[in-house]
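Chemist: The chain contents come next:
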Amino acid sequence: AQSVTQPDIHITVSEGASLELRCNYSYGATPYLFWYVQSPGQGLQLLLKYFSGDTLVQGIKGFEAEFKRSQSSFNLRKPSVHWSDAAEYFCAVNTNAGKSTFGDGTTLTVKP
Amino acid sequence: DTEVTQTPKHLVMGMTNKKSLKCEQHMGHRAMYWYKQKAKKPPELMFVYSYEKLSINESVPSRFSPECPNSSLLNLHLHALQPEDSALYLCASSQFLSGATSYEQYFGPGTRLTVT
Chain A
25 AQSVTQPDIH ITVSEGASLE LRCNYSYGAT PYLFWYVQSP GQGLQLLLKY
75 FSGDTLVQGI KGFEAEFKRS QSSFNLRKPS VHWSDAAEYF CAVNTNAGKS
125 TFGDGTTLTV KP
Chain B
-15 DTEVTQTPKH LVMGMTNKKS LKCEQHMGHR AMYWYKQKAK KPPELMFVYS
35 YEKLSINESV PSRFSPECPN SSLLNLHLHA LQPEDSALYL CASSQFLSGA
85 TSYEQYFGPG TRLTVT
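Protein sequence lines, in the order shown, are assigned to chains A and B. Heads up: the first sequence begins at 25 in this note's numbering, then just goes up one per residue. Heads up: the second sequence begins at -15 in this note's numbering, then just goes up one per residue.
Derived from the structure by calculation, the hints contain no laboratory data. Do not take every clue at face value.
Stated by the list, open to error - Derived DSS-like pairs: lysine-lysine, alpha-carbon spacing no greater than 25 Å straight-line:
hint	chain 1	residue 1	chain 2	residue 2
1	A	123	B	24
2	B	24	A	135
3	A	123	B	2
4	B	25	A	123
5	B	6	A	85
6	A	123	B	6
7	A	73	B	24
8	A	85	B	24
9	B	6	A	135
Pulled out of the complex, with its shape left as it was, chain B reads as follows (with noise of 0.2 Å):
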């Protein structure tokens, strides 16, 4: 299995709600990652778990809140967001992570979010 999935598909929520984004991948990979795009841009790296462990935060606001409740899972909480929060979310796993070398990442197809 090398699929990589996000839930919900879409989401509208306004700038008062908390709602969460879901990612499960069953690859045994021990690094997973959240990406932020934007229509007709590159994607932006916002968090990479290791081992179940915040690795990297890109100085992402803390109306994001991320979560790896175990080696499968990875959520993404959101709160009080901004219209301009709206993008594409992508969440990505690999291998691990490795000081001596790199993984391709797997990424799922994606929650596309709406904030009004």
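Just chain A, same shape as in the assembly (with noise of 0.2 Å):
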């Protein structure tokens, strides 16, 4: 079975200050990586995905993640944060059955 781990609960930066956020899964065949955002009340926005090909995926909002298979990870950065990044930030793995496996979630905070 899929499992995906985001280490960190909460992470706080300052706005205009970069941002990475974390994500481990395991999964036994080749993975369907995606990040996805939720503001408070709201369904989620997928951010980025990662099928193949190119280990660097632009998504929106100025939000980028690199696949790394040897560490099974799939992190998210973002160079310059914005006030309006605060949210919750969830990633996903999918298997082909379209069976979909999310982390905890991280909860951004942005300080102005």
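Join the two chains into one complex using the hints; note that each chain is given alone, in its own frame.
Modeler: Okay, here's the thing in structure tokens:
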């Protein structure tokens, strides 16, 4: 069975600083990896995805993520955080059957 | 149109009530999903429909009854719920299910359900 670990429950960064959110996955086959963002009381919005090919993927809102198979990681990065980036971030892995497993999430707080 | 809509936004129901949640998408997606999300927790998969047929049921109690009347609509019928069923219920859709690959899911804003 697949699993996802997000080691950081809560991260605080200053506006304009860089950000890295960690994600480690466990899955026996080719992983389909996603990062989603959720603002309070809202649904999830897809930031980016990795299926195959280039291991550095670009997403919306200036986010990028790097897939590292040797480390089973898919970390999310942003060079300069904006106050509007404060939200909950979920990493997820999909199976071919469409079943998604989410990490427990990382809450991002942005200091002015 | 890349939107998944859900109604109602909020729902308060008693333990003896029967109510339904509705989800709609017009992206031509053939897979649709129900998730349950408790506060400060990740979404938990409940059901998956593929081509209007139930594909995955994650051992959800029978007081939750899904229905997919057509490729654009997904309902979740609720009956005799318990207070612990109070949560945000999210609907999502994706292109389709394939044994060869996977597709990203588009989520609706959710229905905030409170069971009293």
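Chemist: Now tell me, hint by hint, if it's right for this structure.
Modeler: Now the hints, each set against the structure:
Simply put, residue 123 (chain A) and residue 24 (chain B) have alpha-carbon atoms about 21 Å apart, close enough for the 25 Å limit, and the pair holds. Among the hinted pairs, residue 24 (chain B) with residue 135 (chain A) is consistent with the structure: their alpha-carbon atoms are about 21 Å apart, no more than 25 Å. Under the criterion of a C-alpha separation no larger than 25 Å, the hint pairing residue 123 (chain A) with residue 2 (chain B) is inconsistent with the structure, at around 28 Å. Between residue 25 (chain B) and residue 123 (chain A) the CA atoms are separated by roughly 17 Å; this keeps the pair inside 25 Å, and the hint holds.
Taking the CA atoms of residue 6 (chain B) and residue 85 (chain A), the gap is about 30 Å. The hint is violated against a cut of 25 Å. About 21 Å separates the Cα atoms of residue 123 (chain A) and residue 6 (chain B), which keeps this hinted pair within 25 Å; it holds. This hinted pair checks out: residue 73 (chain A) and residue 24 (chain B) have alpha carbons roughly 23 Å apart, not beyond 25 Å. Taking the CA atoms of residue 85 (chain A) and residue 24 (chain B), the gap is about 23 Å. The hint holds against a cut of 25 Å.
Restraint check for residue 6 (chain B) and residue 135 (chain A): not satisfied, since their Cα atoms lie roughly 38 Å apart, outside the 25 Å limit.
Hint compliance for this structure: hints 3, 5, 9 are not met, and every other hint is.
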